[in-house]
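Chains A and B supply the protein sequences, listed in that same order. Counting in my numbering, the first sequence runs from 1 upward without gaps. Counting in my numbering, the second sequence runs from 1 upward without gaps.
No lab work stands behind these hints, which were simulated from the structure alone. These numbers were taken from a predicted model, which means no experiment stands behind them. Please note that a few of the clues may not be correct.
According to the in silico footprint, chain A covers these stretches of chain B (three or more CB under 8 angstroms from chain A) [unchecked claim]:
#	region
1	29-40
2	269-275
For each label pair, taking beta carbons as the anchor points, the in silico distance ranges come out as [what the hints assert, rightly or not]:
#	chain 1	residue 1	chain 2	residue 2	range
3	A	279	B	43	54 to 62 angstroms
4	A	291	B	15	16 to 24 angstroms
5	A	160	B	186	48 to 56 angstroms
6	A	79	B	1	50 to 58 angstroms
7	A	199	B	43	38 to 46 angstroms
8	B	141	A	157	26 to 34 angstroms
9	A	291	B	2	51 to 59 angstroms
10	B	194	A	249	35 to 43 angstroms
By construction, the Cβ of each residue, glycine as well, lies at the ideal position given by its N, Cα and C atoms.
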Amino acid sequence: MSPLKDKGTAIFYLQKMMEIRQFEDKIMDLLAQNIAEGGSHLYAGEEAVAVGAMAALRPDDFITSTHRGHGHAIAKGGKLNELMAEILGKATGCCKGKGGSLHLADVSTGNLGANGIVGGGLAMAAGAGLSIKLRKTDQVTLCFIGDGATNQGVFHESLNMVGTWRLPVIYIVENNLYGMSVSVKRASAVTDLAKKAVPYNMPAVTVFGQDVLAVKDAVEAYVKSARAGNGPAMVVCDTYRYYGHSRSDPRVYRTKEEEKYWAEQDPIKLFSVKCVKEGLLSQKDVEELDKFVENEIEEATKFAIDSPLPNDAELFTDLFA
Amino acid sequence: MREIAYWQAINEALSEEMTKDPGVFIMGEDVAIYGGAYAVTRGLHAKFGDERVRDTAISEAAIVGAGLGAAITGMRPVVEIMYVDFMGIAMDQLNNQIAKIRYMFGGKTKVPLVIRTEGGAGRTLGAHHSQSLEAWFTHIPGIKVVMPSTPYDAKGLLKAAIREDNPVVYIEHKMLYNTKGQVPEEEYLLPIGKADVKKQGKDVTLLSWSLTLLHCLKAAEELEKEGVSVEVIDLRTLAPLDIDTIVNSVKKTHRLVIAHEAWKTGGFAGEIAAQVMEKAFDYLDAPVCRVCGADVPMPKAPNLEKLAIPNKDTIKKAVKELLV
Ligand SMILES: Cc1ncc(C[n+]2csc(CCOP(=O)(O)OP(=O)(O)O)c2C)c(N)n1
Ligand SMILES: [Mg+2]
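Bound-form chain A, shown alone (with noise of 0.2 angstroms):
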């Protein structure tokens, strides 16, 4: 694994990965008070996934992102206020409030978007690659996926069609053990997932999601193999969301045990104590950092529930060019 040499590098991980905790965490109030409404998949326990491979990114390069995607939209750069403001359906939302959650996406980050449906991200990322090829650019495309959406026709259908034409395609693979209540195990025919990248003849590796250093590594290297015009691959990513799949989830389908389990292996932890272990960040860094994303989110929350809903004649707008 490469080593962490500049403090700048740790304290931006570090602030991605907080960014999104606290983003969500957040948004679970918003939610519960009512503020926020409709649903909201959240991200917290998966940040280093999301963060790991953005690092290996460039602001030029593409995603597509899931239902889960408010974590994929922060490490892409998009703006918290405006992302904030997108879920609560506000005219200053990214999107101007109607996309909301399921649909966030600043664009002008890469970001091709959030998604309803599971999978719905599949095929665009193809297409995405095919025009990296045809323009003939060296952008990659990263289409973040959940485990369940491994099991969707289109899933194999797009990989086959990028690993035919060997389009700069990377698939990030959120393994955080179930599709909504629907553990892998009792979901996939095959449970190590990587696997499935083999018969679309691309490369794969499974790596511990929680570790900021390992996604990005890993991503990095496909990413340049990509570049380089030798195709598609595969990361599988085994990581853990914290929360229900949405509000409702009394989470029967899995232990206190394996929540417990996981929440020792929490992604922000991890690396702080990484950090100040190798004496690149102190204790304090870490707390200030701590304190600054907490008025970020402040901000952005404030920002959010000040802004107007947006003019009832925006209901007929954006339908087309």
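Fit chain B with the ligands to the given chain A structure using the hints.
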């Protein structure tokens, strides 16, 4: 009579039919341990076990298509698609396989399959979780389409759908699950393909289904106080269409307003309007009026979501405008 919730009525129908017929089984995403995204199948997994209440992978095409395969080989599946919005993934199975197989093979097979799903707006879930797509299904010959608005209808129609030897798309509404209504303890079935005249009236016929029907009843009640006599019809089944009940009502009131949450363009109201024109043109004193969803993807913003679908007031306004 006892009152139970809409979700409970559906749950009872499933439980009763599974008890009665060992060929009936349920499969879908999160229907077993979780009890369904809207908790409709809660308790059934504990009662009937893994074999008959099956959690599937997230594979809508296979869920719906496997339902067909099981149905034509001796079982009576009830498959669940969590949101009607996800039916797009299964549309080839529905359109090319399920709807056509009996006809294509000269009537030599039966398809006793129910596809339960759920649609509609109201929870600010945005464009992929709020749609009303019934017109996709009514367009296809060979499928029955049921959309109950009350617990009583939900139970009686689902039991009938499970006993049907034809494919039925049975669409619930997410904002109806906790509504309550009278449902008898004793067993009953309701005929698929029969509309229900909810309220007699003489000035105008107001036709709807699913959640919007409840808005129509409220609108009619208020209009009554303002001196307008409204006949309200709950279509309950869209296909086959009970056109006779509609035409008979129009012959009496001479005016028809159709309200539904689905998009106006290509929505099922258009089909009904055309049939009423064909069958009762001379009885109409005004053009058939449609109060429908705005022709846009459902926006997230709560104010825009409200604006995008009919409500009591927009329905009232349309009725009044038709009467002047
Ligand atoms: C096509 C489709 N089917 C079902 C759903 C409902 N649903 C939303 S998220 C989800 C689970 C997805 O599991 P996974 O891909 O593992 O992602 P995770 O939620 O674990 O991040 C399901 C079943 C959906 N949104 N779209
Ligand atoms: Mg998962």
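Verification of the hints:
1. 29-40: Coverage by chain A holds for the region 29-40 of chain B (5 residues, Cβ < 8 angstroms).
2. 269-275: violated (count 0)
3. 279/A - 43/B: 54 to 62 angstroms: About 57 angstroms separates the Cβ atoms of residue 279/A and residue 43/B, which means 54 to 62 angstroms holds.
4. 291/A - 15/B: 16 to 24 angstroms: 54 angstroms, violated
5. 160/A - 186/B: 48 to 56 angstroms: Taking Cβ atoms as reference, residue 160/A and residue 186/B lie about 55 angstroms apart, which means the hint holds.
6. 79/A - 1/B: 50 to 58 angstroms: 56 angstroms, holds
7. 199/A - 43/B: 38 to 46 angstroms: 40 angstroms, holds
8. 141/B - 157/A: 26 to 34 angstroms: 29 angstroms, holds
9. 291/A - 2/B: 51 to 59 angstroms: 57 angstroms, holds
10. 194/B - 249/A: 35 to 43 angstroms: With Cβ atoms ~39 angstroms apart, the hint holds.
Hint check: violations occur at hints 2 and 4; the rest are consistent with the structure.
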